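Colleague: Just so you know, the sequences run in chain order A and B. Going by this note's numbering, the first sequence opens with residue 1, and the numbers climb by one from there. Going by this note's numbering, the second sequence opens with residue 1001, and the numbers climb by one from there.
FYI, nobody ran anything at the bench for these hints, they're computed from the structure. One thing to keep in mind: the hints can contain errors.
Each computed DSS-like pair below joins lysine-lysine, with the alpha-carbon atoms no more than 30 angstroms apart [said to hold, decoys possible]:
#1 K1716(B) - K637(A)
#2 K648(A) - K1076(B)
#3 K1284(B) - K1250(B)
#4 K1076(B) - K95(A)
#5 K1611(B) - K699(A)
#6 K1405(B) - K1568(B)
#7 K1637(B) - K68(A)
#8 K171(A) - K1370(B)
#9 K49(A) - K1194(B)
#10 K1648(B) - K68(A)
#11 K699(A) - K1601(B)
#12 K370(A) - K303(A)
#13 K1648(B) - K699(A)
#14 K1483(B) - K1495(B)
#15 K1386(B) - K1194(B)
#16 K284(A) - K495(A)
#17 K1111(B) - K648(A)
#18 K1049(B) - K637(A)
#19 K601(A) - K1716(B)
Quick caveat, the model's predicted, so the values are computed rather than measured.
Protein chains: 2
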Amino acid sequence: MENETYSNGILPYIPFFYVIWSDDLLSTSEIQVVQTAIDEDHSLSQVEKNELLGWLDRDRPPSDATLKNWQQLITKSNVTLIESETFPLEAFARKMASHYCTSCAPNEHLKSIELNLGIQPNHYNHLFNVEVIQQKFSNSYTGKHLDGHFNNKHFDQLQAFREFLEQPIFKWEIERDKEQARETVLQQLTALAKAGWGALAYPKAYGGRDSIESYASVFEQLLFTDGSLAVKFGVQFGLFGGSIQNLGTKRHHDLYLEATGKAELLGCFAMTETGHGSNVRGIKTTATYVHESKTLVIHTPGKNDNKEYIGNALHSKMASVFAQLIVDGKNMGVHAVLVPLRNAQHEVLKGITIEDNGYKLGLNGVDNGKIWFNQVSVPVENLLDKYGQINADGSYTSSIKNANKRFFTMLGTLVGGRICVAKGALAGAKMALYVSVKHALQRRQFNDSIKIQEDLLMDYPSHQLRLIPRVASSFVYHTALQKAMGDYADSDADKRRIETQVAGLKAIITWFSTATIQECREACGGKGYLLENRIADLKNDTDIFTTFEGDNTVLLQLAAKGVLSNFKSELNAGGFLSVLKLLRTRMTDKLATINPAYSNKLDKAHLYNPKFHLHALDYRLRRLTDTAAMRIRGYIKKGVPSYQAFLKVQTHLLELGKAYSEALAVKWYYDFVAQQKEGSYKDLMYQLGALHALSIIRKDASWYLEQGYLSGTKSKAIRQRVERLSTELRPHINSLVEGFGIPGHLVHAPIAG
Amino acid sequence: MENETYSNGILPYIPFFYVIWSDDLLSTSEIQVVQTAIDEDHSLSQVEKNELLGWLDRDRPPSDATLKNWQQLITKSNVTLIESETFPLEAFARKMASHYCTSCAPNEHLKSIELNLGIQPNHYNHLFNVEVIQQKFSNSYTGKHLDGHFNNKHFDQLQAFREFLEQPIFKWEIERDKEQARETVLQQLTALAKAGWGALAYPKAYGGRDSIESYASVFEQLLFTDGSLAVKFGVQFGLFGGSIQNLGTKRHHDLYLEATGKAELLGCFAMTETGHGSNVRGIKTTATYVHESKTLVIHTPGKNDNKEYIGNALHSKMASVFAQLIVDGKNMGVHAVLVPLRNAQHEVLKGITIEDNGYKLGLNGVDNGKIWFNQVSVPVENLLDKYGQINADGSYTSSIKNANKRFFTMLGTLVGGRICVAKGALAGAKMALYVSVKHALQRRQFNDSIKIQEDLLMDYPSHQLRLIPRVASSFVYHTALQKAMGDYADSDADKRRIETQVAGLKAIITWFSTATIQECREACGGKGYLLENRIADLKNDTDIFTTFEGDNTVLLQLAAKGVLSNFKSELNAGGFLSVLKLLRTRMTDKLATINPAYSNKLDKAHLYNPKFHLHALDYRLRRLTDTAAMRIRGYIKKGVPSYQAFLKVQTHLLELGKAYSEALAVKWYYDFVAQQKEGSYKDLMYQLGALHALSIIRKDASWYLEQGYLSGTKSKAIRQRVERLSTELRPHINSLVEGFGIPGHLVHAPIAG
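Whole structure, please, built from the sequences with the hints as guidance.
Modeller: What follows is the structure, given as structure tokens:
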């Protein structure tokens, strides 16, 4: 076939223009890229330039007939598209041009177009009816480097721990029987303790390394090993040991901390009660001080006042029991007391009843139980008395006079556990994404012809949209949790603010993980339903993470109250006093009216700009804060009791809590990326951030539209950008999931290859 | 205290005005109700009327000071609010007025306000600082009547079946071991078969009752019993038996149907293959006809071409095997052949290999397995030859000449199974909602004071919003599936259209169920995580329903193709020919521009009107149809290959498939309600419909806003109405979940009380 239509200078531009116009995503800034390249292309005559520039007019795009003609020109050239070329489209275009014109010289300007438009073979390889030599994975990024970038603290220790997990004892296996599963987990726990991993967060004097950050990283890896092991580890070293470390004094540390770290003393954390759930301040167990015998009498008053769902309850020798401390007939509020549960022969002590909670949806390797106390006496020294002491004369003193404040200070020391829960949930999501992406890179389904290979699952737009934004979000949330843990470990930080931040992050990240694992299960079809492929267990094990260490619905309301009181409220406080006080005085935040030019701004440079994302998320946060404050004030002015006023805006508070947390995660992520060295990984990180942020904004698009923050056209453009970014990241998806840093020896799913 | 401010005529109106203005939900039509009552109240003087009417001006609402004054007047009257009164607010207002004025006469007009505004004690009982005597359940509706209304076909048989399930053998118990679980399920299956329940859909001549509708109702009840039992039942009687009934001829019926119904012959349905998943047309198993021996040779060519996930594989004596039928070297397309698997001693026959699929996320009472065939010969008579026959001379004939059409006709006979899957998933959602609502009606959490009772979970707005719309949706989807099954059973119906409808409904309803059960798990907190409370098992058992009998993502694309081709396309067809043909000729549907007065219409009467709901859902469907058609046409005009053009709009097609199915379900629901007798249940049904429809519209609010179909204000009003309707239905929630008709003897969850 002859090309009679186009000059030699124009010919190599044809595949570019075809790719550009066959889709509808060309924005003003993209047109600019092409225009500049043409302007600078001195090999073109002015006539040729004019012809090419004429095809760039968005108001008068090339006709369908022209496009069809281009398509045939391309197809009939019979050139093969080789995706592994450095500039595959430029190389293709060059070879195509050579087919019609033997004397054509390579055109360097086309490379700059290809580079600047960010177009990749998977955007156009299906548009040409030509042979395609596919490149399965991109070589631009490696998972190893990504892992290093995102785990830049204590990386060596993390690597050492990953290697430690290669021992056969940690190999994941299907185990249906809870007794057997608990036995395995106990052995694994002991092995970890013996090697010193359990004590990481404890002071060096007690065999630890004084690093709660390392502890949290280790916890995350354990989720890759087995959900039950991670939770058991958290209960023994984080909750039980943590209560001794944070609520006890040197006496308790000397007696118990080292043995706890070595798992020679197994303990449980007995806070929650059947009848009171999330309302810890309302627990009914009492610890009554008897001055004559210098003892505390622990007692469960009613049948439903038992401790419930206590992990490690069947293996423990001791419990850290939360109870109302009664001194001289007066309730001093909730305190923790160490109560021995069993003797050396593992017989339950007198006055104590322990029952197995039975089978659960997941985590059946964890021995959850119920505990009742019937007038059980322990020495007064067992009171974990850092924040409240009983003196030799039988009087009670505390450095924190306000009982409410004391209570929340004690609970505040446990915030680290909440970060770990979120990290654990996120690890579950990462593992599920790893398995389903690896599967989608091998599994083929359907095509237009039975003669050629079926398409890879990963190349279906719907499959990309269901998995790739979630991979991006995983990196953003990972970074947010790393930052939260760093802040929490920093003794100078504003604890009240961190509690609020962690409450919100825990809620949105555990919900994200539950939804992600579900999506992964479905994305793997029936294969995802088989236990051997791990997703099923990850799903069941992490499902409860939305409930424990603070029910998400409760936590989001706490976060909202924190925001409303400018982080001055006692976290968990029911009285709303500090919120109300602030509401009364606080000026309404003046939000600038959104300029129509802004709410209509559509170009790529703007939509991918972190400034836009942060502005949008911050706008939502501030607006929801103001409207919530106004509504509450309005009710109170009308005489509605304050508790009821808060209840009336409960669903609003949940949205506010979410908005706060999402804005925070994105802000922290971009702060982190800004600190990275320039180079290709930084670009990739910004792409991941943009995909996550636009997905989040997209989820609340109806709200933004209602507010006039987004125009209808901009909202549509965001939806298209989410799809487009997903396809742009498609070539890197293998490196991205490898960047989660999941050790190969912990991946057992047959479908992950 | 004296009331010095208000006249005796005005006094009883005060609580009404307080309730009205303390919230922000008063719409124009509601103001009208109050205005009419005042106009007609001849006990009021003109001065009093003017004062009251002055308080109805939305532009000049009563001041905060006035409202606070009203609140105090109410509180200081010390009157108790008794929720069980017929007109509780009127009674309260009357008593309050009497407190300040001994001679006040009852005012009948207040009753009409209370009735017409639809205000209920739970809207205002928290606004007054008075003693409240709560009414736990409303007496307006009973679950029994609801059940009867919604299961109006074959109700006696349904009741008989529910009673049958009271036998101890059907009692649900925790069973972790798959061998034991399979044994139990097999025994239950046999008991059902012996009593004739398995054969319901078969002709009377073979022990059945010729009623696929009864069969489907029975299937739903089995899900309440146990997920594995339901699926095993479906495989044995619906899939295996169904293939004999629908694809076989009298010879096969005579030989096998009665034994199948009695479970004397156990069989499996061997369609899906490991390597080909949803792509049934691409299966690789062959059935090659050998004329010399008049046999068919069944063969699995490659390692991954085995039958996969075949239910009943380990218990079966025979399989209905789907294979490419090769006659005289020519592939006649996919046909089903009966292949014996085991002898009387249950030994696997020569050439056949069967492997257990192992443990799954759920349904471990079902024996799923993989099957390979190595040159297995069966008599040609075993070909299920209703749609294609091999004649005595060895030639092949079929009444359906087109191989594609033949294939889809065969698959079409299995659409009943898809309806059952959706019914089963929905039954899981109903059971989970039942358990979590019953729990929320007993469980108390938090309050503003430790002195008074904590609030019921069910009284939290966030809890109402998470459960009540889902209860409403369950009734709507139930009705849609009843209608689909009725149409399917009707031999005169347009089969192609029904297939499209069922494909879409199966997808949206199974997704709804998965999300609902998840919400219920979380709404029950840690209690929901215990196996004993059933939600965990329902979650795991029904999870795969989004994948099997057609992956939801695939089904929605089929539905979309059905819509685009005006239900003329071969369902499942990959060639797109009929769609393309229609796209070429079809006129663009002229959608009227939305009048701003309409997109801004906010009053209650409009927002609750089925006409608005149907209009909105239909608008979305038509708009998505047009834009999808335009986009595909656009790509094709530019020379993009047709398969790729469809792929490029894949996410659009998924939205279209959903929009079609949601619109259909709401339409069928309102058609059903319109046929009901006038009376209170009809009103309730409309309320349920409005809550469901507004929730669905709300979910896609961003799209409606982008299109300008909804104004920002209207979109907000819809969000508020969803919350408001949830509180309006709160008093009836106990009756509503009892209306699901779950037999008491099948409810074992301790938290359901």
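Colleague: All hints are to be evaluated individually against the structure, with a verdict given for each.
Modeller: Status of the hints after comparison with the structure:
For the proposed pair K1716(B) and K637(A), the alpha carbon gap of about 24 angstroms is at most 30 angstroms, so the pair holds. For the proposed pair K648(A) and K1076(B), the alpha carbon gap of about 23 angstroms is at most 30 angstroms, so the pair holds. Simply put, K1284(B) and K1250(B) have alpha-carbon atoms about 29 angstroms apart, close enough for the 30 angstroms limit, and the pair holds. Restraint check for K1076(B) and K95(A): not satisfied, since their Cα atoms lie roughly 91 angstroms apart, outside the 30 angstroms limit.
Under the criterion of a C-alpha separation no larger than 30 angstroms, the hint pairing K1611(B) with K699(A) is consistent with the structure, at around 28 angstroms. Of the pairs offered as hints, the one joining K1405(B) and K1568(B) holds, with about 11 angstroms between alpha carbons and a cut-off of 30 angstroms not exceeded. For the given pair, K1637(B) sits about 7 angstroms from K68(A) by alpha-carbon distance, which is consistent with the 30 angstroms threshold. For the given pair, K171(A) sits about 26 angstroms from K1370(B) by alpha-carbon distance, which is consistent with the 30 angstroms threshold.
At roughly 84 angstroms between alpha-carbon atoms, K49(A) and K1194(B) are farther apart than 30 angstroms, so this suggested pair is violated. Between K1648(B) and K68(A) the alpha-carbon distance is near 17 angstroms, which keeps this suggested pair within the 30 angstroms criterion. At most 30 angstroms may separate the alpha-carbon atoms for a hinted pair to count; K699(A) and K1601(B) meet this at roughly 25 angstroms. Using a Cα cut-off of 30 angstroms, the hinted pair K370(A) and K303(A) holds, with the two alpha carbons roughly 11 angstroms apart.
A distance of roughly 22 angstroms separates the Cα atoms of K1648(B) and K699(A); the hinted pair therefore holds under the 30 angstroms criterion. Distance hint between K1483(B) and K1495(B) is fulfilled; the C-alpha atoms sit about 14 angstroms from each other, no more than 30 angstroms. Between K1386(B) and K1194(B) the CA atoms are separated by roughly 29 angstroms; this keeps the pair inside 30 angstroms, and the hint holds. Taking the CA atoms of K284(A) and K495(A), the gap is about 28 angstroms. The hint holds against a cut of 30 angstroms.
Taking the CA atoms of K1111(B) and K648(A), the gap is about 26 angstroms. The hint holds against a cut of 30 angstroms. Among the hinted pairs, K1049(B) with K637(A) is consistent with the structure: their alpha-carbon atoms are about 26 angstroms apart, no more than 30 angstroms. At roughly 24 angstroms between alpha-carbon atoms, K601(A) and K1716(B) fall within 30 angstroms of each other, so this suggested pair holds.
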